[in-house]
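Residue numbers (my numbering), protein chains in the order written: chain A, 1 to 279; chain B, 1 to 350.
It is worth saying that the hints were derived from the structure and are not from the lab. Here the structure is a predicted model, which is why all the values come from computation and not from measurement. A portion of the hints provided could be inaccurate.
Said to hold, decoys possible - 30 Å max Cα-Cα, derived DSS-like pairs, lysine-lysine: (1) K21/B - K184/A; (2) K21/B - K182/A; (3) K182/A - K138/B.
Each chain, written out:
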Amino acid sequence: MTTATVQVPVQGGHGLGERLRWALRDGLLIAGRDVSHWVREPQLILWTLLFPIIFVLLFAYVLGSSMQVAGGGSYQQFLMPGMFVQTMAFGLGETVAAVQADNAKGVMDRFRSMPIAPSAVVLGRVMANMLYSVISLVVMLGCGLLVGWRWNTGLAGLALGVALLLLLRLAMMWLGIVLGLKAKSAEMANGLFGLLYPVTMLSNAFASPELMPGWLGAIATWNPLSWTTTATREAFGNPGATSGGWVSEHAVMLAVMWPLLVTAITLPFAVRAFQRLSR
Amino acid sequence: MAAHPEPAIVARGLVKTYAGKRALDGFDLEVPRGVVWGLLGPNGAGKTTAVRTLTTLLALEHGEATVAGVDVRTAPHEVRRRIGLSGQTPAVDEILGGRQNLVLFARLNRLGKRAARDRADELLTQFELQEAADKPVKQYSGGMRRRLDLAVTLLLQPEVLFLDEPTTGLDPRNRGEVWTAIRQLVADGTTVLLTTQYLDEADQLASGVSVMDRGLVIAEGRPDDLKRRVGGDRLEVTVADRADLDRARAAVARWASGDPVVDVETGTVGAPVADRVTAIGSVLEELGREGVGIDDIGLRRPTLDDVFLRLTGHSAEEAEDATDAADPATRHTDAVTDEQDERDDVEVTR
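With the hints as extra help, turn the sequences into a complete structure.
This is the structure we're talking about:
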């Protein structure tokens with residue numbers, strides 16, 4: 001056998017700490033694969049980064065001139081937290097598409113037939129998607145600053161807002177992994193983007209529910225994305241956050257609770273969907 | 001390498017059920033070390049399910065299996081350290097280059113940075129992929145992709161390599177490239193379990209084959225033995241004008257070693273022939289002399305379908321209908337596999 005140059009692979013330990021260390025290392029390698037994709041085909045991520053910017057410009061300038069904010073205030077200040085929430089919510093589509101593609105192309109089977117921790121595969125996906133979400137959030141924050149958006153709550157306010165947004169994105173992650181493993185085709189995964197539009201539109205992200213027809217306003221008020229939007233506005237000190245009602249008064253609590261609830265429900269399903277791959 | 005008394009693969013009474021149907025129904029297999037072993041059968045016979053259970057991707061319901069001496073049920077992680085798997089579609093990253101793929105999977109196989117790079121270079125050379133090493137895999141030909149996929153499975157020089165239909169969908173030249181690579185592996189001491197629908201592929205590579213149908217092995221032996229059971233080559237002539245069928249039949253009958261079979265619908269006469277070269281030349285000459293126009297003439301080697309008819313009395317296609325719903329291969333990669341299934345159907349039922 002030509003074993004001359006093949007070095008004996010490092011043995012994985014059996015202790016919990018050791019196992020975690022390997023899972024983290026393997027997870028980083030798997031996440032690094034996504035980063036290599038961005039380097040190799042930057043046009044892919046440039047488009048998805050550019051898209052929300054176009055959205056901001058359209059809303060801020062084309063629609064914004066005729067938009068009113070319930071309770072008063074500038075539309076740009078009102079709009080940006082909604083845009084941040086939309087960007088995080090659309091992350092669901094990114095996760096579904098990535099997981100579905102790996103599963104369909106046999107890359108998932110390759111990972112699973114290798115001596116790596118199954119948790120590393122999930123961890124890698126989470127790290128890559130979260131890194132991308134942080135990048136897109138930074139781009140959106142910068143874009144907001146350029147169109148005149150400001151936060152008025154100091155660094156603590158900024159940190160709270162960003163934390164709430166990333167928490168939402170993390171909840172979308174588990175849901176996305178479940179849907180990605182269940183999705184039968186790439187079309188199904190892509191079709192999800194089409195569904196995400198009306199869901200984010202039917203919230204208070206772009207328009208005040210108080211100014212909508214009553215029944216529509218009720219839907220928008222109870223859309224969980226509205227809770228995160230309101231909480232983010234509150235954290236950043238932007239207008240539209242205090243339009244009254246129990247929901248908006250407890251927005252920050254709700255914005256913490258509902259992503260945790262989604263995680264609590266979907267994380268076990270994600271683990272099970274992975275295990276079911278071997279059934 | 002020291003002689004290993006124990007076989008590379010042992011499977012006893014494997015059972016795996018999908019939607020009430022048994023994809024594996026008492027599957028037994030024993031593969032000695034250091035050989036290519038063919039696992040043959042039509043679509044849906046359970047080949048892929050067998051490979052997926054032996055490679056720990058699917059959990060067993062009943063039965064026991066060891067691979068490289070390690071129990072698949074109790075020590076799946078240890079099995080994974082000793083095997084390589086190349087599935088029906090190359091599982092490599094399309095956007096990354098060949099080298100990047102190799103380094104990534106080498107690192108995931110716990111090689112250090114330096115060792116991973118060295119091993120990648122070695123395999124790129126071995127599989128003649130140096131020139132395309134940094135091009136994205138999506139620009140590779142089918143054969144190159146397969147070779148890269150093989151290279152990835154060989155990063156740790158596995159004791160046992162599972163190749164699930166490694167040449168399905170490849171043109172003859174690419175198929176030849178993959179065959180060369182497989183021969184090289186076995187020369188280096190690896191045991192290969194190869195699933196295929198093509199008897200000629202098993203004939204080229206395998207020193208032994210197991211034929212599967214409906215979830216279990218129905219025949220085992222050397223490829224030559226199996227072919228002998230089926231008979232030799234067949235000569236097939238398709239006439240341009242159906243009115244000439246009788247004359248074509250008479251011509252073929254003179255050189256055939258068995259009774260000719262006439263298919264009126266396609267205008268084809270087929271018969272087994274002992275001396276293939278003389279038969280085709282003589283029949284062609286005779287038909288030409290009599291002015292019989294022909295659309296096609298050719299020699300056909302016995303196919304898996306022929307083996308099947310002989311062994312089971314039913315064609316591969318019937319077998320497929322019976323167990324297709326239970327084939328797990330279609331579960332994950334619907335689009336790709338469906339497409340491939342269609343292509344395979346053409347091949348098998350030709």
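Verification of the supplied hints:
no.	hint	verdict
1	K21/B - K184/A	holds, 21 Å
2	K21/B - K182/A	holds, 22 Å
3	K182/A - K138/B	holds, 26 Å
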